[in-house]
Amino acid sequence: MTDVTPTAEDFSPATSSISVEQISRPSLSYWQDAWIRLKKNTRAIISLYIVLSLAFFTLLGPIFWNVDPSLQDLNQISQAPSLPKTAVLVGQYQRWSGIVLEDFPAEPADYPDSVDAVTDLRPFELATTQQVRLVWNPVVGAAGYNIYRNQRLPENFNDLGLPLGSTYGGNEVSYEDRLSLESRPYYYAVVPTDGLDEYEVYTVIEVTPSMIITLAEASDRQLIKDANVAQTGTALKLEFHPFGTDYLGRDMLARLMQGARVSLFIGIVAPFIYVIMGIVYGGFAGYFGGTIDSLLMRFADFVVALPFLLFMILFKIAFGIGPGESGIFPMLIALVLLLWPATARLVRGQVLQIREQGYIEAARLLGAKPHYLILRHIIPNTMGVILVTLTFAVPAAIFTEAFLSFIGMGVAPPTPSWGSMCNEGVKTMLSHPHELIFPAVFISITVLAFNLLGDGLTEALDSRMRSRE
Amino acid sequence: MLAYTLKRLLAGVITVWFIATATFIAMHQVPGDPLMNDKAVSAEIRKNLEQKYGLDKPVVEQYFIFLGNMLEGDFGISFTQQNRRVNDIIRDHFPVSATLGILAVFFAASGGILWGALTAIYRNRTPDIVIMFLVILGISVPSFVFAALGQLLLVNINSLLGQSVIPVAGWGTISHMLMPSLVLGLGTMALLTRLMRSSMLEIVNEDYIKTARAKGLSPMRIFFRHQLRNAILPVITVLGPQIAAITTGGFVVELVFAIPGLGRYFVQAVQQLDYTVIMGTTVFYGAFLVLMVIIVDVLYGFVDPRVRLQ
Numbered sequence: 001m002t003d004v005t006p007t008a009e010d011f012s013p014a015t016s017s018i019s020v021e022q023i024s025r026p027s028l029s030y031w032q033d034a035w036i037r038l039k040k041n042t043r044a045i046i047s048l049y050i051v052l053s054l055a056f057f058t059l060l061g062p063i064f065w066n067v068d069p070s071l072q073d074l075n076q077i078s079q080a081p082s083l084p085k086t087a088v089l090v091g092q093y094q095r096w097s098g099i100v101l102e103d104f105p106a107e108p109a110d111y112p113d114s115v116d117a118v119t120d121l122r123p124f125e126l127a128t129t130q131q132v133r134l135v136w137n138p139v140v141g142a143a144g145y146n147i148y149r150n151q152r153l154p155e156n157f158n159d160l161g162l163p164l165g166s167t168y169g170g171n172e173v174s175y176e177d178r179l180s181l182e183s184r185p186y187y188y189a190v191v192p193t194d195g196l197d198e199y200e201v202y203t204v205i206e207v208t209p210s211m212i213i214t215l216a217e218a219s220d221r222q223l224i225k226d227a228n229v230a231q232t233g234t235a236l237k238l239e240f241h242p243f244g245t246d247y248l249g250r251d252m253l254a255r256l257m258q259g260a261r262v263s264l265f266i267g268i269v270a271p272f273i274y275v276i277m278g279i280v281y282g283g284f285a286g287y288f289g290g291t292i293d294s295l296l297m298r299f300a301d302f303v304v305a306l307p308f309l310l311f312m313i314l315f316k317i318a319f320g321i322g323p324g325e326s327g328i329f330p331m332l333i334a335l336v337l338l339l340w341p342a343t344a345r346l347v348r349g350q351v352l353q354i355r356e357q358g359y360i361e362a363a364r365l366l367g368a369k370p371h372y373l374i375l376r377h378i379i380p381n382t383m384g385v386i387l388v389t390l391t392f393a394v395p396a397a398i399f400t401e402a403f404l405s406f407i408g409m410g411v412a413p414p415t416p417s418w419g420s421m422c423n424e425g426v427k428t429m430l431s432h433p434h435e436l437i438f439p440a441v442f443i444s445i446t447v448l449a450f451n452l453l454g455d456g457l458t459e460a461l462d463s464r465m466r467s468r469e
Numbered sequence: 001m002l003a004y005t006l007k008r009l010l011a012g013v014i015t016v017w018f019i020a021t022a023t024f025i026a027m028h029q030v031p032g033d034p035l036m037n038d039k040a041v042s043a044e045i046r047k048n049l050e051q052k053y054g055l056d057k058p059v060v061e062q063y064f065i066f067l068g069n070m071l072e073g074d075f076g077i078s079f080t081q082q083n084r085r086v087n088d089i090i091r092d093h094f095p096v097s098a099t100l101g102i103l104a105v106f107f108a109a110s111g112g113i114l115w116g117a118l119t120a121i122y123r124n125r126t127p128d129i130v131i132m133f134l135v136i137l138g139i140s141v142p143s144f145v146f147a148a149l150g151q152l153l154l155v156n157i158n159s160l161l162g163q164s165v166i167p168v169a170g171w172g173t174i175s176h177m178l179m180p181s182l183v184l185g186l187g188t189m190a191l192l193t194r195l196m197r198s199s200m201l202e203i204v205n206e207d208y209i210k211t212a213r214a215k216g217l218s219p220m221r222i223f224f225r226h227q228l229r230n231a232i233l234p235v236i237t238v239l240g241p242q243i244a245a246i247t248t249g250g251f252v253v254e255l256v257f258a259i260p261g262l263g264r265y266f267v268q269a270v271q272q273l274d275y276t277v278i279m280g281t282t283v284f285y286g287a288f289l290v291l292m293v294i295i296v297d298v299l300y301g302f303v304d305p306r307v308r309l310q
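Here the protein sequences line up with chains A and B, keeping their order.
Just so you know, we're using our numbering here: the first sequence kicks off at 1 and counts up by one.
Just so you know, we're using our numbering here: the second sequence kicks off at 1 and counts up by one.
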């Protein structure tokens, strides 16, 4: 045996030479991983951008488009979408006595079987949307003239369009048209008559009235500040309605923005509230289990069995809609009351599943209290499923709102929502399709975006998908 | 199976009672009462009217009277449509709504299964992409837009042919029913197509399909006997709730196509607070839906032997 005298060096830590396995990739949390997978899904990302721009449209839109959505302008009912229009400022309408030739007989000496068509049909002065004045050369043998207006070029004598009026006398060779003129091409036709019957000849000209606005109207519509200062003959910018106007002349774009506030408010807030209610209810039932669970779930089953739309209508009325109220809150309450059980069931199922997992057992063995378990382990692990439910609940709520507003049981006028705008638009679908198309397209795009986003989230959050890559 | 059915029926009865109670409570929450719609009546007439309709009794007593009458199958007399019994309203107008709903479910189910199977066969090829695009459209466009477009289509067809071949609105003949029920079923059809597609694709990878293929069965036989039959199961499961959604969702279609269904009476009754009509239609609808879900569940047991064992 040799004596070993330990030195201080022997007690210093040894240097380890065993190489630890290198983790080649940075560790990712569940959410980081889900985000990476969501980014690969083009459709979901496009939908996400659509949702974000909708939020932008709703929240910031009114700042950039500062037009009162409830301002009615009965001069501009159901205007189609258009580019900005300008109009020339003019004074008041001046009466026009017309032109009566003195050197021409009012009644012809004899009535021939046929006459020539009028010649040199032309507008007198500038044709404007205030008045179109026509003059022409008289026809020998005519005792009067009929004037027609058409919106397209007449094909034959029977296609002259709207009969505007007649002049009585072969020497009355002018006509003034003031019948709701717009700035678009018109085809005027003049037909000589013998005082009663028409000769089958006609002359056509195309006239496009230029847009004008009177001083009085301009100051009424607050386009000019002071009618006394303003100069006639200057060009004036008219109100710009990029999406047209509705049946009361309200700006569609402003109404779509305000309607978006209503539709998206109901569509996002209602699901948010009832999903939280469902989490609490379902989490409670699932965590405690046993009698409490079966009692709570039996009650949820009853609520699910209520005929949804009938009760939406009934509850919405029951929670009161007084004069001056928009009916948004009753609808919100009705949605929450009827739709929470679906989330409750889902969360309960999840909780029942997670409760049996090994890591919950482990946490409990380490002395975790129930509230810690629920808050720290169970709820975070159900978040994925809940997020997906929430995404799909938004389009469902928007649909319900639109549906109810469409049958007239939703938000009360004058508050616009996309659904009630569709309801108004469907009545004039054939003549003014833009009043139905715009709100319908907005509903569809919103619902589409949320649905595709939901699909993308389902795939991204599904932990089974992780192993496949 | 019989015990299961009976158990479900008993639960159904309790559910209907719950629906009736919830309706009663919600209805009495609405400010005002059905007699307020009429022109101002003197206190004496009002008292007589209240007596006639039993409104002078305490609410709790009214509730029990109503429950008793309901058990006898009598929903009472309408407040606003003079001397018209609620039972008559339901008998006259429910068949219309039901026909519309059943046709819509038929369109939705047959279309959904057909398109779903097609997309699964042509997975990621042109027919699949086209159909799935239409499906997304069908899910995202509200039913009233489809209804309006459907009407527009009919108008154009009629004006093209120069005569009214398919009526644009109204009710009565089969040609009246086609467009409304198609429009009503469209959303559900899109949903079922999606479901059918995913369930078909899931089943392709199942072991029993591989076994069948290994046995040398013809592709047609595998497709019809093994794949299709199993893929339809999830579709049947959602059919119960979807029937419910379709029958009540008929409101809008009834409105647009001017169909004399029950939906219109319900909306009218709620606006006029016609207590008996509200109660009658809601309870009747509720019972109908509960019954539908039970029937679908029981049928499911017949289709899928695995459910029967439980």
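Simulated from the structure, these hints should not be mistaken for lab results.
Idealized CB from N, CA, C, for every residue including glycine.
It cannot be assumed that every hint is accurate.
[Claimed, not checked] Calculated from the model, a selection of chain A residues having no Cβ within reach of chain B, i.e. all distances over 10 Å: (1) Ala8; (2) Pro13; (3) Gly91; (4) Ala117; (5) Arg184; (6) Gly244; (7) Asp301; (8) Pro307; (9) Arg345; (10) Asn423; (11) Asn451; (12) Leu452.
[What the hints assert, rightly or not] Derived coverage of chain A by chain B (criterion: at least 3 residues anywhere in the stretch with Cβ under 8 Å from a Cβ of chain B; other residues may be distant): (13) 172-181; (14) 400-406.
[To be verified] Listed next, the stretches of chain B that the computed footprint assigns to chain A, with coverage defined by at least 3 CB atoms under 8 Å from CB atoms of chain A: (15) 59-66; (16) 142-152; (17) 284-298.
The hints, checked one at a time:
Once the 10 Å rule is applied to beta carbons, A:Ala8 is consistent with being away from chain B; the minimum gap is 67 Å. For A:Pro13, the condition that its CB be more than 10 Å from all CB atoms of chain B holds, with the nearest at approximately 55 Å. For A:Gly91, the requirement that its beta carbon stay farther than 10 Å from each beta carbon of chain B is met, with the minimum near 45 Å. Distance to chain B confirms A:Ala117 as a non-interface residue, since its nearest Cβ pair spans about 35 Å, more than 10 Å.
Once the 10 Å rule is applied to beta carbons, A:Arg184 is consistent with being away from chain B; the minimum gap is 25 Å. Distance to chain B confirms A:Gly244 as a non-interface residue, since its nearest Cβ pair spans about 18 Å, more than 10 Å. Not every CB of chain B is more than 10 Å from the CB of A:Asp301 (nearest about 8 Å), against its label as outside the interface. Distance check on A:Pro307: its Cβ comes as close as 5 Å (rounded) to a Cβ of chain B, failing to clear the 10 Å threshold; non-interface status is violated.
Every C-beta of chain B lies more than 10 Å from that of A:Arg345, the closest at about 13 Å, which supports listing it as non-interface. Listed as a non-interface residue, A:Asn423 fails to keep its Cβ farther than 10 Å from every Cβ of chain B; the least gap is roughly 8 Å. Not every CB of chain B lies more than 10 Å from the CB of A:Asn451, the least distance being 6 Å, so the non-interface label is violated. With a cut of 10 Å on Cβ distances, A:Leu452 falls inside the contact zone with chain B, its closest approach being about 7 Å.
Closer than 8 Å: that is the beta-carbon criterion, and the segment 172-181 of chain A has 0 residues meeting it against chain B, so the requirement of 3 is violated. With 3 residues bearing a CB less than 8 Å from a CB of chain B, the segment 400-406 of chain A meets the requirement of three and the coverage assertion stands. Interface restraint, the segment 59-66 of chain B with chain A: violated (0 residues with C-beta to C-beta distance below 8 Å; minimum three). Counting residues of the segment 142-152 of chain B whose beta-carbon sits less than 8 Å from any beta-carbon of chain A gives 6, enough to reach three: the coverage restraint holds.
Look at the segment 284-298 of chain B against chain A: 5 of its residues bring a Cβ nearer than 8 Å to a Cβ of that chain, three or more, so the hint holds.
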